[in-house]
Amino acid sequence: MIAALLAERCTGCNACVEQCPTRVFEPGEAGCLPVIATPDACQTCYLCELACPVDALWVNPDAQDGSAPPLAELIASGQLGRVKRDHGWNAPLDAGRLDAYRLLGPLLGEGVEIADRHYHHLTAAR
Amino acid sequence: MSASPLALRADVLVVGGGMAAAWAALAAAEAGASVIVVDKGAMGTSGVTATGGPGHWFVPPEGREAAITRQIARTEELAQADWMARVLDLTWRYLPTIAPWYPFGSDGRGGRYVQGVRGPEYMRALRRMCAVAGIAVLDHHPALELLAGPDGAIVGARGLALASGEDWEIRAGATVLATGGCAFRSGLIGSHTQTGDGLLMAAEAGAALSGMEFSISYSLSPAWASTRTLPFTAARFFREDGTELAISSLKAGHAHYQALGAAMLQGPVLADLSAAPAGLPAVLRQIQPLTVAAFERRGIDLFRQRFPVRLFGEGTIRGTGGIAVVDADCGTGVAGLYAAGDAATRELVAGAISGGGAVNSAWALASGRIAGAAAARQRGGAPAGPVKALGGQGLRASGRPGLADPRPLQRAIETEMHGYDRALWRHAASLGQSASVLHGVWDEIAAHAPPPDPRGRMEWRATAAMAATARWCTAAAAARRETRGIAVRSDRQAPDPALAHRLLVGGLDKVWTKPATPAARRLEPAL
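In the order they appear, the protein sequences are chains A and B.
Going left to right, the first sequence walks through residues 177 to 302 as my numbering numbers them.
Going left to right, the second sequence walks through residues 90 to 616 as my numbering numbers them.
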């Protein structure tokens, strides 16, 4: 669940307000920063972190938990802006991150075969 | 309704903001229509595509005959080869057209890898294409009800703007419903806005639903949040005390989920991915960073440490049912109204099985293009004059005010639809009990006035849509007295040759079912 909107970083651009698929954020009163208005509607999709140009948002990975550690701890975790960097979100051609996409399907298929062999081994042993 | 609602006109109105909506809007605009898109969320982040990594059924012309033959063999007699050919053709031709706005990766042979796309970038690309095409996209503008002209044809919709709280009315010559499927607020990532709104609006206009019994589907995720990606295929499963559970693999289909559901009903289940392919961790980080974040932020190495898992209901999203498609234009049988994507039935290409993943994405693209182009062809401009607002349940202030808390009702609906004990072992008695509970929910909605605030109005109406959708799913499952595809019945475990046809379902206060004849055998040339 969305857990932190860091006033230390937020510029009030309202990209999160505009792009959240469930409109969790609302603009602040004149001159103020946006607010997390309806956290119950958050679906823990992290897409607001992609939208934020200054890495001022942090989503708690627990869909039911809207609490956040202190700022220093968040910064030390390396997780502010992490999903954006992993995506290559604003880099040309996503910084080549998608070049491995073709490998994903076969790896997942291989996983199914591994699980299938293991299941038959397990049931035969029992 | 406020005194002077925002009033707009267009040739084509598209309701929804995911990939089917975007492709419908693009096709309509390319055909010369003026287009407005209204979305409950925001096009770009809305829906289950944006949070996923949709593979597409993407087959070169020389491979199609074999691909269709394989798919026909899997779909248990309810799909159509001619529709498959059409969907494959449109997907092959149009998916590559996003290239100027989407960073396709390498295919490892000097070309592009096209069929799999990452959700956020894909939806960002489609939004940019809509902007270039001059399409007006109104985010956070949920549609609440359709409008009909004097002859019964659909002439637009009404809804509200979440930012201002104001009502809007849009008149259009044709309307495309691309509102997605319904996961009954299971917590499935990307599905919060997927509450069956388009299905209810279509039914109120007189359309039927089809394939609603094919609505039992789940995805495995860590217990604390849905990730909806599939890095868990190699998982072994354990109890907290270290005892290993014998769970058949994904190859077993429904039995895999039955085994997991049975184990989870007994107590917590942990997944162990230590046997996953060695190349997976690095690729997962590159391709599905959001899944990695769900673990990393809890300090869990998902490939070395065991973690609790549960099943998140997919409802009609990875299921197959939706608004019945009655002609080659993705028409609904109601003049001026078309359906596309997960809001429409996907039986034409997925039959009785899940269209999950590749086939559903290809369907969303192709049906979007078909519906959008047909809506543009039909346009006679936005009609003026008197209209009838068709919305009923959950919309009008007819009941007791002040008591409308949708959350307990939503939980009751989700339990009937996705509770492991009910959904994984459906039988006549359990379906009868669910029908009774859901009818009670429907009556409860009718007994209260919607809350007055904009979000409260939207939620109350969404609750009505979920209740309607759940009732159709339950009635269709009861009527299909056999096991076919993902419509599994524990009291009738074999297919019945006499039931090798689609089932239509509909109705509001009173739900009905009836057999369908195959739709649209004579297709127009692909667009």
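Treat the hints with caution; some may be incorrect.
[What the hints assert, rightly or not] To spell it out: a stretch of chain A is covered by chain B in this simulated footprint if at least three of its residues, at any positions, have a beta carbon under 8 angstroms from a beta carbon of chain B; those stretches are:
{"id": "1", "region": "189-200"}
{"id": "2", "region": "251-258"}
{"id": "3", "region": "288-297"}
[Stated by the list, open to error] So the derived list for chain A, only partly shown, Cβ under 8 angstroms to chain B, looks like this:
{"id": "4", "residue": "214"}
{"id": "5", "residue": "239"}
{"id": "6", "residue": "270"}
{"id": "7", "residue": "276"}
Note that these hints are calculated values from the structure, not bench results.
The C-beta atom is built at its ideal place from N, Cα and C for all residues, glycine as well.
A quick look at each hint next to the structure:
1. 189-200: holds (count 6)
2. 251-258: This one holds; 3 residues, not fewer than the three required, reach chain B with a Cβ under 8 angstroms.
3. 288-297: Check passed, 6 qualifying residues.
4. 214: holds (7 angstroms)
5. 239: holds (4 angstroms)
6. 270: holds (4 angstroms)
7. 276: holds (5 angstroms)
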